[in-house]
Structure formats: structure tokens, C-alpha cells
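There are 2 protein chains.
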Amino acid sequence: MFNAQGEPHVTTNHIADELEISPGNLYYHFRNKDDIIEQLFARYEERMDAALATPSERLPGLEDIWLQLHLIFECIWDYRFLYRDLVEILSRNRRIRLRFARILKRADDSAHAVMRGMGQAGVMRATADELAATATNILVIATFWLNYAAARGDKDEQIAIRRGIVQVMMLVAPFLRDAERVHLNTLTQAYLD
Amino acid sequence: MFNAQGEPHVTTNHIADELEISPGNLYYHFRNKDDIIEQLFARYEERMDAALATPSERLPGLEDIWLQLHLIFECIWDYRFLYRDLVEILSRNRRIRLRFARILKRADDSAHAVMRGMGQAGVMRATADELAATATNILVIATFWLNYAAARGDKDEQIAIRRGIVQVMMLVAPFLRDAERVHLNTLTQAYLD
Chain A
1 MFNAQGEPHV
11 TTNHIADELE
21 ISPGNLYYHF
31 RNKDDIIEQL
41 FARYEERMDA
51 ALATPSERLP
61 GLEDIWLQLH
71 LIFECIWDYR
81 FLYRDLVEIL
91 SRNRRIRLRF
101 ARILKRADDS
111 AHAVMRGMGQ
121 AGVMRATADE
131 LAATATNILV
141 IATFWLNYAA
151 ARGDKDEQIA
161 IRRGIVQVMM
171 LVAPFLRDAE
181 RVHLNTLTQA
191 YLD
Chain B
1 MFNAQGEPHV
11 TTNHIADELE
21 ISPGNLYYHF
31 RNKDDIIEQL
41 FARYEERMDA
51 ALATPSERLP
61 GLEDIWLQLH
71 LIFECIWDYR
81 FLYRDLVEIL
91 SRNRRIRLRF
101 ARILKRADDS
111 AHAVMRGMGQ
121 AGVMRATADE
131 LAATATNILV
141 IATFWLNYAA
151 ARGDKDEQIA
161 IRRGIVQVMM
171 LVAPFLRDAE
181 RVHLNTLTQA
191 YLD
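From first to last, the protein sequence lines are chains A and B.
Take the first sequence: its position 174, counted from the start at 1, is 174 in UniProt numbering, and no numbers get skipped.
Take the second sequence: its position 106, counted from the start at 1, is 106 in UniProt numbering, and no numbers get skipped.
The set of hints was computed from the structure by calculation and includes no laboratory data.
Careful, some of the hints might be misleading.
[Stated by the list, open to error] Chain A stretches covered by chain B per the calculated footprint, using a threshold of three residues with CB under 8 Å from any CB of chain B:
#1 131-140
#2 148-159
#3 172-179
[Said to hold, decoys possible] Calculated pairs, BS3-like style, for lysine-lysine (alpha carbon to alpha carbon, straight line, at most 27 Å):
#4 B:Lys33 x A:Lys33
#5 B:Lys155 x A:Lys155
#6 B:Lys33 x A:Lys105
Nothing here was measured: the structure is a model prediction, and the numbers come from that model.
Even for Gly, the Cβ is constructed at its ideal location relative to N, Cα and C.
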């Protein structure tokens, strides 16, 4: 309901109606709407933490990064109500605000780790400042891409997710070795067609 | 009031209270809250259109782009209520949705024009696909940077705006000629200190 109608438009009464229970019965399980959001946030958090885990046994290739971005974008899509009204939801609830900040920190660490791995594998070259700026831009694009697609009027969510992944990959592309840049270009074309 | 409290929290009754007039008197001037938002949007639109105008008499240098980004970010800051609840506001009002889509299109054209100008001046080199992807990323970063800063808990708006400009410039940096890349780096350091 939050995803379909937007979190601000869904009241606890709507939720009770949809569940065919009384508002009193709903309040027996949840203190208020923010309590429901916190429960949903816990599930989101678990899934995002899993998506952000970096495999450490070997250096990541372009396909690994692509797959990881897919998991991240699908998680954002499934909990898009959080991202649609992000500032509003965070401004209301201090606990969710701190937990979301932790996820951003973790995503930043993960982006750094993946790019450092590519540096070690010799397929990427960037200064520390370039790495930091690119990691931040990756986070902003991933966090707000679906909002941007909605503002632009994109209808198909699968195409929107694919375009988002390509936009993130294009942030990294200029720092890749020529061979990987060509490889990325082939992957991108195949993916968007 | 929209900027300070968030648009969803401000009702026409609050606005009438603040103006020390009756709700009936307010309705004499504005049909409803969305009518007020449309009037504000018209002012925002005029200012953003001016900020997006590209000077055509000469090729733009890094300082010109920096100044233009400043005008754009300050306009976004002054009308931040629009951006804070962007998807919500656009989903409610078809006219504003179409007008915002036009601004995005205009911003995309402007980003393309500036980067093409830098290509003609020989200070930037990028393929058509790289230009298009970079223009889109510039739009997403500019549109949502202040939301990202809020989600991250950044307090000082002037620092947030400066960081946003630097993040946009870092999208263009990898495509610059070495001399301009060094120049940009000097500008960035001076700007953030």
C-alpha cells in the first residue's frame, strides 16, 4: 500500500480496512504508523545489508558489480515508498534516520572496496579524491534514480532499473582500462537492447 | 513555510493564520493549496530558466560552469520544498508535472551544450554516449543533492551547496584535458577550504 499509494496517503485506518480488522486490533499489534514503517525498515535493512556485502575471496569483475547493483536496485524498488518520501520519513523518526545513515555509510564503504579491488586488479585507475567523489555520486544516483525516473515520467520499472544500473556504471567507466571500457560498452548495449 | 516545515505539513489554514487573514479571504485569492504551489512554481520556473540560459557568444570556461551551477543550486535551495517532496507534488498536479519535465529537458540540453562547447574548445573529450550519460547524471545529482545532504544529516546549507557543485564538476573531470583537470582540482580545493 505504501508503494502503490505513497506513504503519506496511507493511514492506519486504511491499513486496518485492507486487513479487514478493526483499528483497535491493528493498534494491538503496532503502536502507530511509524511503528509499522520501522518493522518494514528492519526487513529492508536486512536485505540491503546482504546486497551490500562484498565477496572478499576474489577481486570483483564488471559482471559481479553489475549483479550487485541489480540486487541493490531491486531492493530499492521493493521498498520504494521509503525513497519516494525519504526526507519526510527520516525527518519524522530519529531511529530510522540513524539506521538509514548507517546504510549510506555501509554503501559508501562497499563502493570504495569494490573500486579499490578493481584498482588492485589493475583494471581501474583513480586518485583517492576521485574514488571518494565517485563513491558519493554512486550513492546519490542509486538512492534517487527511481525518483528521477518517476519525475521524468518513465513508466516501465524494469527499464528504469536497467537504466539506473547503466548510469552508475557510467560513473566508473572513465576510470577503467581501455579493454574494460570496451567490455563495459558491450555489456551496456546488450543490457539496454 | 513550505521550505521550513515541508510542504505536506502546511495547510491553507496554517497559511491564512500566518498571514493573519481568514481562510475565506485566502480562498478569495487562491483556489486551494496546489494553486499557491503553482504560483510559486511559476517564479521558480522563471528563475531556473534564467539560470539554465547558456551564453552563446563565447565558449564556456570552468569558471563559467561553476558560476552557472551556483545559480542553479541556489535556485534549488530557495525552492527546496519542491525537491524535498518532488514525486509527491508531481504525482498530484499534472500541470506542474509537465512544466517540471520541460525544465529537466531544458537542463539536459544546457548540460549538453556546455559540454559540446568544451569539446569544441578542445578542453574535453567524450563520445556521444558518454556525453548523454554524464548529462543525465549531472541532472540527477543536481536535482537530489540537497535531499541527499539532508538524509546524510548535513547541517550547513552553504557547505552542502558547495559540495553539490563539486560533485557535479567531478562528473565532468575525467573527460577533461590534463591541464584543465589540474585547474579544476585547484578550484575545488580552494572552494571547499
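Are the Cα atoms of Lys155 of chain B and Lys155 of chain A separated by 27 Å or less? Answer violated: Lys155 of chain B to Lys155 of chain A is near 35 Å, above 27 Å.
Check, residue by residue, whether the stretch 131-140 of chain A contains three or more positions whose beta-carbon lies closer than 8 Å to a beta-carbon of chain B, and give the verdict. holds (count 6)
Taking 8 Å as the C-beta cutoff, is the stated coverage of the stretch 172-179 of chain A by chain B satisfied by three or more residues? holds (count 3)
Compare the distance between the alpha carbons of Lys33 of chain B and Lys105 of chain A with 27 Å, and conclude whether the hinted pair is satisfied. Not OK: Lys33 of chain B and Lys105 of chain A at ~38 Å, beyond 27 Å, violated.
So is the stretch 148-159 of chain A in contact with chain B by the C-beta rule, three or more residues under 8 Å, or is the coverage claim wrong? Held - the stretch 148-159 of chain A has 5 residues with a Cβ nearer than 8 Å to chain B, which meets the minimum of three.
Taken at face value, is the distance from the CA of Lys33 of chain A to the CA of Lys33 of chain B at most 27 Å? 25 Å, holds
When held up to the earlier numbered hints, the structure conflicts with 5, 6 and fits the remainder.
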